[in-house]
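Student: Residue numbers (the numbering used here), protein chains in the order written: chain W, 18 to 272; chain H, 3 to 447.
Mixed in with the good hints, there may be bad ones.
Simulated DEER-style distance windows between Cβ atoms [claimed, not checked]:
#, chain 1, residue 1, chain 2, residue 2, range
1, W, Glu112, H, Arg175, 48 to 54 Å
2, W, Thr145, H, Arg175, 37 to 43 Å
3, W, Gly131, H, Arg440, 25 to 31 Å
4, H, Thr286, W, Gly168, 46 to 52 Å
5, W, Gly131, H, Ala387, 32 to 38 Å
The set of hints was computed from the structure by calculation and includes no laboratory data.
Heads up, the beta-carbon is just placed ideally off N, CA and C, and yes, glycines get one too.
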Amino acid sequence: MSTLEIKDLHVSIDTEQGNVPILRGVTLTINTGETHAIMGPNGSGKSTLASTIAGHPRYKVDSGSITLDGEDVLSMSVDERARAGLFLAMQYPVEVPGVTMTNFLRTAKTALDGEAPSLRHWTKDVKTAMAQLRIDADFAQRNVNEGFSGGEKKRVEILQLELFRPKFAILDETDSGLDVDALKVVSEGVNREHSKGAMGTLLITHYTRILRYIKPDFVHVFVAGRIAEEGGPELADRLEEEGYDRFTAQSAVEA
Amino acid sequence: MADTTQISPDTTSEGERTELGRYADKARIGAPSGTADTRAVIDGFTEEGESLPGGDDGVEQLGFKKHSHGNAPVVPEASRGERRRSFDLADFPALTGLEEDWRFTPLKRLRGLHTDALTGAAPAVAVGGAGNVTVETVGRGDARLGSAATPEDRVSAAAWNAFSEATVITIPRETVADGEVMVTVTGSAREAAAQHILIHAEAFSTAVVVLDHSGSATLAQNIEIVVGDGAQLTVVSVQEWDDDAVHVSSQQAKVGRDARYKHVVVSLGGDLVRLTPSSIFTATGAEVEMYGLYFADAGQHLEQRLLVDHAVPNCKSRVTYKGALQGDDAHTVWVGDVLIRKAAEGTDTYETNRNLILTDGARSDSVPNLEIETGLIEGAGHASATGRFDDEHLFYLMARGIPEKAARRLVVRGFLTEVIQQIKVPALEERLSASVERELAAGNL
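Pulled out of the complex, with its shape left as it was, chain H reads as follows (with noise of 0.2 Å):
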């Protein structure tokens, strides 16, 4: 990895972006690497890439914990591009938790999505809303299933080999949607299950589809995602599960020429979440927003890892999520990896993830990842920031007059506010406004 150059990886940098031209012809931002000037100033890592104490005995500066990862010795990928995709689950390791994709998740709490066979009931599909979309319940031997995606990890391989139907939802080509598509699932029992739903947004289309899920479920779910040449499409994952709830799910959006992909994120219920959307672009000239807002209570583990796979030239990506923490031992992880191929010249990115920690006891964990393959770029970059709401800004609110219930709910209301107003539709932005009031009156905030 001689010819790689290391720049800032880790997650306190603000706005960095990066400039054409300046790096070697494989430059990788956040992933370890060795040139002996940068080891020197980051913390953590060495030659063989990060080294991962034991336990929290970093260097506190100015009053910040030194930022941390996980407890475990992680072999890293050389890209993020080779990792292993299969459908098949003997291609994937039974986990072990040292994992590089799994080393943040408590995989004694995924009640044995990674180990079991997923034969219990999945959560039922319920399809409303638009009427000139085409919804089909269709067996496993469906020639559509799996052109979109390709499981990237144990689980979700096995909820490919687990799934018995799958929902397929069907944009025709040229239709604008006359409604939202409102996709409810909604689990009633607790044995490990698999499910596999396919959204299909044939050319010219446009739709928003909402993916609302409650209940209660332990979950491996693959969503797959076709944006076809010149579409529109917005998915909006919505996770409001009751408190015990474990629910994996993989989606992978493939996102044709000239098209607009908006993929949003809210997660809020369940005991663990653990999301991976990634935008794979197959052809020039598309755009691609991906948001998500998080809000993690006492004991919660809400995760997403994202992969923006930039292969071909001229297309665009932002990334923006969010996440407010609150309660012992809540648990935030944002992973987000763009890679940008040497074929994608022109590529013009950013990815920003901010974190709120409204108590103490809470744990948020961010790592944006920036690889790049080619020089010739628009634009390319990535922010991190995590802050808590301290005494003093409080203590600042409240000598304005403000109470304090209603100085903390300002807030984290302002903060992810943002985020939600990205959805675009007025009944669901609403719903989960007082869904975040909830949130933040069940932490007596």
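Bound-form chain W, shown alone (with noise of 0.2 Å):
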């Protein structure tokens, strides 16, 4: 059982007209076994959580900590992050020259476990790992994502997170640019390794459609920057039906 705990995270970028906040104040604790996903509006800072959580150099953290089982993980590299136990599928992957995915898968594995896989298994697991998620057999030969669809790439990131079985993983958008079939089976190769019971899942989402397919035991509703309410899957139902409106008219008045 592991604990990712996030307490009054503030994150700020620069940009060319200063520094702009983003996240101001986001406490949020994930545990092992469960989903949380956050929705919200574009530009609400649900991506730079994620990007956050997994070290992007653009993010910085003004205060707020974020802990893996009382672990620093804002003190951590991007790989040690990763090598800790996180795992972030992104939202626009990005292609890699030079480095075919076997290779890339490989040497991830290595680095994550700290020592190669057995070549037998390995291999196996990711035949049956691309044939789960319907990716040809020949994109092992491609570089990382080259010429790879929107939809091939959300696939590949799955991949990863089915082969490299991380503590906790967070899906950025994962749905988005996806169709209906394309996310039956990105949301099957998520719930096949939520259910193995060893992974906390934090799963952000502009949309609701793709919490028909992975149920989330917790929602968290973003807004400029901050949770502005929390609550079980009902709550998605509601912001199903009502959109964000009611959200972002409140913070409209707040501002």
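Grab the two chains, each in its own frame, and use the hints to assemble them into the complex.
Tutor: Quick look at the structure:
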């Protein structure tokens, strides 16, 4: 059982117009076995939270803390965070020139585990996971994400999730840009890994659609860099009917 | 040039292939011309040819810097096939740096190769490896010299006129060399020098010849290569010079009927290395593969200008060059000229250049040129792409647990391995892989 704890997190970015605060005090605790959905309108800071947990250099933590089983995540480098068990499925996975998927997956697995995976089992695991996610076998010989469609890139993110088996998976709008078939395939992958009982999931999404396939235990509504409302899965249903207007209007008044 | 069609001349094009019969009798890709409809879309080109801005004042799109050429006006040749070829130095005027084929080269750093008499001591040549090839040192009067190659530029002509002895390596007819022919070229002097080496693979012979350059030198070199009918020859030219070396080398091959010729360039060391490898088809049915790998560090200038001359029907050529750059003022140049002459029906050619920029401050120029004088070909295409390894790539790999240095090495190694694997000499492949690793370590990557 692990716990990822975010306390009063304030994050800003430096722009040409100066420093812009994005997260204004986020507090959130996720335990192994739980699925938390973070929902919110564009610009509310959802993706910033995801990238900050993973350690993207663009985001500057002004105050607050992130801990994983009591260990200070913010003092870790990006790769250390991954090795500690955090996995970010990226919203826009980049193409990496010169590195085949096969080489990349094996290198990452070796770095994460501290030892090279047994070749026989590993090859089989990769093949099985690729087949389950309906990724063509020839993708293994292609360069990481190079020439992949949006949907293919997202599937490859979930492939990594299944192969790397993190303690906590942060899915940054993994559902964006997917058609319904791809959405199902991707959701199945997440559920497969989640059902093993060793992972906590933070699901960041703009739409309620993916919540039909991945059932959240908790729903947090993000508005203007804060959690504006929290609840169970019923909150997602309410958002589906009412949209974000109620929250955005409120935040406009506050501002 | 009204009959000339211009198709996407520049360096960001991916996987273009010309379609048969689509173009007029003489279609040129990559050479300046001026049909009204293309003028509008090709940045930097006018009716007069390329318009070369004095500074980097081009349009930036999507964060990519506008492609830029050198800073001087250039009068292009009408056709690559019309470039002057001569043994007489006087046929080549003194260089100004404005010449089409010298515009990327920093002449000041040639240490006099283009101006001085090349009277220094040539780097020592030692030939080992295969026991069943003939190695001779001959005087400049030997009739075989100059049979395969004619100088195409001033430095090459100067070298031709200055060398005193040449090394001639002959793989006898129908002989399979019983090992790699290792030609070590070791420089130990700074004075501008000339060198001449002739490699003759006679009919139906098979060999791998490695030219292994190291040490310190200021060298103008002509490598003449004859690939006889049905011969299979691989020539690998490795430049692992000391940091101060200057090396200008013409490596011309005359390729016979049904021959297979593979040429591999690996340029890692030296202050300035400028290679001009060419493959000239002289009879039908031959195939040529030309590979290159270059890795430029801060301040290094690594240039390669290729020519594949399809002068006869039914020959095939493939060109793949890959470069990595790191550090301030690391500069690489790749110019790939492919000429399909009127007679070269049934030609099948493709050339590609890829560059990977690892740090700020480096510059890579890439110019594929395809000149087609007949529509009756199998295929002709070119591709060039220059990308950079940036913080987002790094973040992606690190977010998967891979430490920063390992992430950078992973990318570069993967990128360059494709070329190293083409050498097919395991010991040399290993050595060069290790050299690439050292380059990475030196760049603190």
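Student: Checking against the hints above, which ones are violated?
Tutor: 2
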